[in-house]
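There are 2 protein chains.
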Amino acid sequence: MKNAIKITSLILFIFFTLTSCNQKSKLEINETDPLPSWNEVESKKEIVAYVNDVTNTESENFIPIKERIATFDNDGNLWSEQPAYFQLFFAIDRVKAMAIDHPEWKDQQPFKAVLEDDMEELKKQGEHGLIQLVMATHAGNTTEEFKAYVKDWIATTKHPTKNVSYDKLVYQPMLELLQYLRANDFKTYIVSGGGVDFMRAFVTEIYGIPEEQILGSRIKTKFEYNNGNPKIVRVAELDFIDDKDGKPLNIQKIIGKKPVFSSGNSDGDLQMMQWTASNKYKSFMLYVHHTDSIREWAYDRNSHIGKLDKGLDQANKDGWTVIDMENDWKVIYPFELIKN
Amino acid sequence: MKNAIKITSLILFIFFTLTSCNQKSKLEINETDPLPSWNEVESKKEIVAYVNDVTNTESENFIPIKERIATFDNDGNLWSEQPAYFQLFFAIDRVKAMAIDHPEWKDQQPFKAVLEDDMEELKKQGEHGLIQLVMATHAGNTTEEFKAYVKDWIATTKHPTKNVSYDKLVYQPMLELLQYLRANDFKTYIVSGGGVDFMRAFVTEIYGIPEEQILGSRIKTKFEYNNGNPKIVRVAELDFIDDKDGKPLNIQKIIGKKPVFSSGNSDGDLQMMQWTASNKYKSFMLYVHHTDSIREWAYDRNSHIGKLDKGLDQANKDGWTVIDMENDWKVIYPFELIKN
Numbered sequence: 000m001k002n003a004i005k006i007t008s009l010i011l012f013i014f015f016t017l018t019s020c021n022q023k024s025k026l027e028i029n030e031t032d033p034l035p036s037w038n039e040v041e042s043k044k045e046i047v048a049y050v051n052d053v054t055n056t057e058s059e060n061f062i063p064i065k066e067r068i069a070t071f072d073n074d075g076n077l078w079s080e081q082p083a084y085f086q087l088f089f090a091i092d093r094v095k096a097m098a099i100d101h102p103e104w105k106d107q108q109p110f111k112a113v114l115e116d117d118m119e120e121l122k123k124q125g126e127h128g129l130i131q132l133v134m135a136t137h138a139g140n141t142t143e144e145f146k147a148y149v150k151d152w153i154a155t156t157k158h159p160t161k162n163v164s165y166d167k168l169v170y171q172p173m174l175e176l177l178q179y180l181r182a183n184d185f186k187t188y189i190v191s192g193g194g195v196d197f198m199r200a201f202v203t204e205i206y207g208i209p210e211e212q213i214l215g216s217r218i219k220t221k222f223e224y225n226n227g228n229p230k231i232v233r234v235a236e237l238d239f240i241d242d243k244d245g246k247p248l249n250i251q252k253i254i255g256k257k258p259v260f261s262s263g264n265s266d267g268d269l270q271m272m273q274w275t276a277s278n279k280y281k282s283f284m285l286y287v288h289h290t291d292s293i294r295e296w297a298y299d300r301n302s303h304i305g306k307l308d309k310g311l312d313q314a315n316k317d318g319w320t321v322i323d324m325e326n327d328w329k330v331i332y333p334f335e336l337i338k339n
Numbered sequence: 000m001k002n003a004i005k006i007t008s009l010i011l012f013i014f015f016t017l018t019s020c021n022q023k024s025k026l027e028i029n030e031t032d033p034l035p036s037w038n039e040v041e042s043k044k045e046i047v048a049y050v051n052d053v054t055n056t057e058s059e060n061f062i063p064i065k066e067r068i069a070t071f072d073n074d075g076n077l078w079s080e081q082p083a084y085f086q087l088f089f090a091i092d093r094v095k096a097m098a099i100d101h102p103e104w105k106d107q108q109p110f111k112a113v114l115e116d117d118m119e120e121l122k123k124q125g126e127h128g129l130i131q132l133v134m135a136t137h138a139g140n141t142t143e144e145f146k147a148y149v150k151d152w153i154a155t156t157k158h159p160t161k162n163v164s165y166d167k168l169v170y171q172p173m174l175e176l177l178q179y180l181r182a183n184d185f186k187t188y189i190v191s192g193g194g195v196d197f198m199r200a201f202v203t204e205i206y207g208i209p210e211e212q213i214l215g216s217r218i219k220t221k222f223e224y225n226n227g228n229p230k231i232v233r234v235a236e237l238d239f240i241d242d243k244d245g246k247p248l249n250i251q252k253i254i255g256k257k258p259v260f261s262s263g264n265s266d267g268d269l270q271m272m273q274w275t276a277s278n279k280y281k282s283f284m285l286y287v288h289h290t291d292s293i294r295e296w297a298y299d300r301n302s303h304i305g306k307l308d309k310g311l312d313q314a315n316k317d318g319w320t321v322i323d324m325e326n327d328w329k330v331i332y333p334f335e336l337i338k339n
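Sequences listed follow chains A and B, in order.
Just so you know, we're using numbering that gives the first Met the number 0 here: the first sequence kicks off at 0 and counts up by one.
Just so you know, we're using numbering that gives the first Met the number 0 here: the second sequence kicks off at 0 and counts up by one.
Just so you know, these hints were derived from the structure itself, not from any lab.
Here a beta-carbon is modelled for each residue, glycine too, at the ideal position from N, C-alpha and C.
Any given hint could turn out to be false.
To be verified - Pair ranges (Cβ atoms, derived):
| # | chain 1 | residue 1 | chain 2 | residue 2 | range |
| --- | --- | --- | --- | --- | --- |
| 1 | A | N140 | B | D151 | 32 to 42 Å |
| 2 | A | N140 | B | G227 | 16 to 26 Å |
| 3 | B | D32 | A | R181 | 54 to 64 Å |
| 4 | B | R181 | A | R181 | 18 to 28 Å |
| 5 | B | Q107 | A | K122 | 50 to 60 Å |
| 6 | A | E236 | B | K65 | 50 to 60 Å |
| 7 | A | V40 | B | P35 | 56 to 66 Å |
| 8 | A | R181 | B | D317 | 24 to 34 Å |
What the hints assert, rightly or not - Going by beta-carbon spacing under 8 Å, a handful of chain B positions derived as facing chain A:
| # | residue |
| --- | --- |
| 9 | N38 |
| 10 | S58 |
| 11 | F61 |
| 12 | E66 |
| 13 | R217 |
| 14 | N226 |
| 15 | P229 |
| 16 | P247 |
| 17 | L248 |
| 18 | W274 |
| 19 | S277 |
| 20 | K279 |
Stated by the list, open to error - The list that follows gives simulated cross-link-like pairs (lysine to any residue, SDA-like), each with its CA atoms no further than 20 Å apart:
| # | chain 1 | residue 1 | chain 2 | residue 2 |
| --- | --- | --- | --- | --- |
| 21 | A | K256 | B | Y148 |
| 22 | B | K309 | A | P229 |
| 23 | B | K219 | A | E236 |
| 24 | A | K256 | B | K279 |
| 25 | A | K230 | B | S277 |
| 26 | A | K186 | B | K65 |
| 27 | A | K243 | B | N225 |
| 28 | A | K221 | A | T203 |
| 29 | A | K256 | B | F222 |
| 30 | A | K230 | B | N225 |
| 31 | A | K221 | B | N225 |
| 32 | B | K279 | A | K186 |
Chain A on its own, in the form it takes in the complex (with noise of 0.2 Å):
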């Protein structure tokens, strides 16, 4: 039974084990307008509002800067999460750099699948295929090693249909309402089923969010003095799975503060919303709807990755703010900006 909650919970880290991007907008805030990409819709209005009323000293809603936590899911919340979650991307590719030091996988599954890129027989090796794939490319390898191949990875690598690289796919809107924040004495955070040192590898200076400030799933790690050069060495095994009840969790273990702004996309990010509904300071949900077939993609309450099916039902019942995003946005992406 404990494993069988492992193995569901390493499936759960693989398909929301993903993770941001590296566009470096620098975006100025307008002070007219500080959502220059979103239209003048009511998701925006609503959020205006709320930053208005929770800053104004003179209101009853005012909040301390020090409590001022904000928290962002990253796949499909900031970045782009389809077909597949980018992180499994960067694992069947590291599994290809990888293989001239491995002959054996040639022959072995899941690794064999993935060399010869047939993702039908891939799925077929199912969630055991999965965690071989994420331990062997995630794992045997320092902290420092391992945020290289990322690096690597990301400055080299194009998204399969998008065809521009992974750190392109990040939402425009959501650059400019983690800057808002900001300029509003927020402290953003990245919340993400993500992996975290995959994430701290590059997402910084996109979203203008600092390595303490990312939070996500991890795998166990061990420290080896190394005859005075010391390193952190990443283990095979899971430690913790940064989604679903684990996002509050996470939070209070390692902010130790319950948010007041919290935006997800998901059902793995409803916990992280009802613990953000709670605060007894005035809060703000958020949820990004994906219901744009044609700049980016259509997905959710059947979907496999993404799926969002509770959270909508909360959304609807409690009053949280949902974004449209083919309704609510503008543009998608930074280098729709560029191209208009």
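Fit chain B to the supplied structure of chain A, relying on the hints for placement.
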């Protein structure tokens, strides 16, 4: 074997599991002397020379602000830890407060020993007894309830020999050092073997360190939706021991950056020091050596609590800075300032 390690770890957790104080000494940095409670000794000169060097943009040792991570042990480093870690006194006092709801404890060890103030018998109960005490007093409540217990305890309880509340037993020279580093754009963290939620309940105001910059040991937690009034419940099972190897591991997990400045007082801090010493930026390792048997306590190589043996050897060998408390500090506690 695994259990033996867990038990040993728990004991370390208990012994190393203490914390802080409540003296609001709002120090202004004295421009001519940033460390006024320090004598003009080598340790002080080395600290000031280091800070001047790494904050000087003209220096080859200049450190960018975002990399100025400074990590401090708590027990025996920022406040006293004798005759036992203060968190153990909290556990003992909690048992007494909870006894009314636990009539069975009158006949049940180790609770019986605590209720009868029979410290000899409590010692005989050994590791297993200590584990029972910690779990009975630290788990089975919500994060909010636990915080309230700690806050109440620190406000109403006095140290057994110093006869002041525990939060008065912080080190004035270390408060000045924390302030001095922050004035030079270092981000100050606590990285303690003590319980993170115990510390967060009251140390923020004393040290000027927000909740999210406090790392420590912790027990497991679970999230309960509770019909729209979600709570996080503390579970009687160890989650992480933030001591020895655990310190660099927790720093990497939570901060994701290697410190440039670390301060501790025992062998439990040695791995954090070693990790810091391996920074590519110029780093500073500072040991507090308890040499003052009159104003505080004198102990090092053979001490049961706060043993400093291997750490002292490595400090001497590698030229790390060692504070001689008796000689280097004009005052130990803030209340001595008022007397003077």
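These are the hints, each one checked on the structure:
1. For N140/A paired with D151/B, a C-beta distance near 47 Å fails the hint of 32 to 42 Å.
2. Roughly 44 Å separates the CB atoms of N140/A and G227/B, a value that falls outside the hinted 16 to 26 Å.
3. For D32/B and R181/A, the hinted distance range of 54 to 64 Å is not satisfied, since their beta carbons lie about 36 Å from each other.
4. The given range of 18 to 28 Å is respected by R181/B and R181/A, whose C-beta atoms sit roughly 20 Å from each other.
5. Against the hinted window of 50 to 60 Å, the Cβ-Cβ separation of Q107/B and K122/A comes to about 56 Å, which satisfies the hint.
6. Distance hint check for E236/A and K65/B: the Cβ-Cβ separation is about 31 Å, which falls outside the suggested range of 50 to 60 Å.
7. A hinted range of 56 to 66 Å holds for the C-beta pair V40/A and P35/B, which are about 57 Å apart.
8. About 40 Å separates the C-beta atoms of R181/A and D317/B, a value inconsistent with the hinted range of 24 to 34 Å.
9. Because the smallest distance between the Cβ of N38/B and any Cβ of chain A comes to about 32 Å, over 8 Å, the interface hint for this residue is violated.
10. Below 8 Å, beta-carbon pairs count as interface contacts, and S58/B has none with chain A, the closest being about 23 Å; its hint is therefore violated.
11. About 19 Å separates the beta-carbon of F61/B from the nearest beta-carbon of chain A, more than 8 Å, and the hint is not met.
12. Taking 8 Å as the C-beta contact cut-off toward chain A, the hint placing E66/B at the interface is violated, the least distance being around 10 Å.
13. Residue-level restraint check for R217/B holds (minimum Cβ-Cβ distance to chain A is 6 Å; threshold 8 Å).
14. A hinted interface residue such as N226/B counts as satisfied when its beta carbon comes closer than 8 Å to some beta carbon of chain A; here the least separation is about 11 Å, so the hint is violated.
15. About 5 Å separates the beta-carbon of P229/B from the nearest beta-carbon of chain A, less than 8 Å, and the hint is met.
16. Evaluation of the P247/B hint against chain A yields a held restraint, the C-beta minimum of about 5 Å falling below 8 Å.
17. The beta carbon of L248/B comes within 5 Å of a beta carbon in chain A, closer than 8 Å, and the hint placing it at the interface holds.
18. Hint on W274/B holds. Least Cβ distance to chain A is approximately 5 Å, under the 8 Å limit.
19. With its C-beta approaching chain A no nearer than about 5 Å, S277/B sits inside the 8 Å limit, and its interface hint holds.
20. Taking 8 Å as the C-beta contact cut-off toward chain A, the hint placing K279/B at the interface is violated, the least distance being around 10 Å.
21. The straight-line distance between the Cα atoms of K256/A and Y148/B is roughly 17 Å, inside the 20 Å bound, and the hint therefore holds.
22. Simply put, K309/B and P229/A have alpha-carbon atoms about 16 Å apart, close enough for the 20 Å limit, and the pair holds.
23. For the proposed pair K219/B and E236/A, the alpha carbon gap of about 18 Å is at most 20 Å, so the pair holds.
24. For the suggested pair K256/A and K279/B, the alpha carbons sit about 33 Å apart, so the restraint of at most 20 Å is broken.
25. Of the supplied pair hints, the one linking K230/A and S277/B holds, its CA atoms being roughly 9 Å apart against a limit of 20 Å.
26. Restraint check for K186/A and K65/B: the C-alpha separation of about 15 Å stays at or below 20 Å, so the hint holds.
27. Proposed proximity of K243/A and N225/B is supported: the alpha carbons are some 15 Å apart, at most 20 Å.
28. Only pairs whose Cα atoms come within 20 Å are accepted, and K221/A paired with T203/A is rejected, the gap being roughly 25 Å.
29. Taking the CA atoms of K256/A and F222/B, the gap is near 15 Å; set against the 20 Å cutoff, the hint holds.
30. Between the alpha carbons of K230/A and N225/B the distance comes to roughly 43 Å, so the proposed pair goes past 20 Å and is violated.
31. Among the hinted pairs, K221/A with N225/B is inconsistent with the structure: their alpha-carbon atoms are about 37 Å apart, more than 20 Å.
32. Of the pairs offered as hints, the one joining K279/B and K186/A is violated, with about 28 Å between alpha carbons and a cut-off of 20 Å exceeded.
Against the hints set out earlier in the document, violations occur for numbers 1, 2, 3, 6, 8, 9, 10, 11, 12, 14, 20, 24, 28, 30, 31 and 32.
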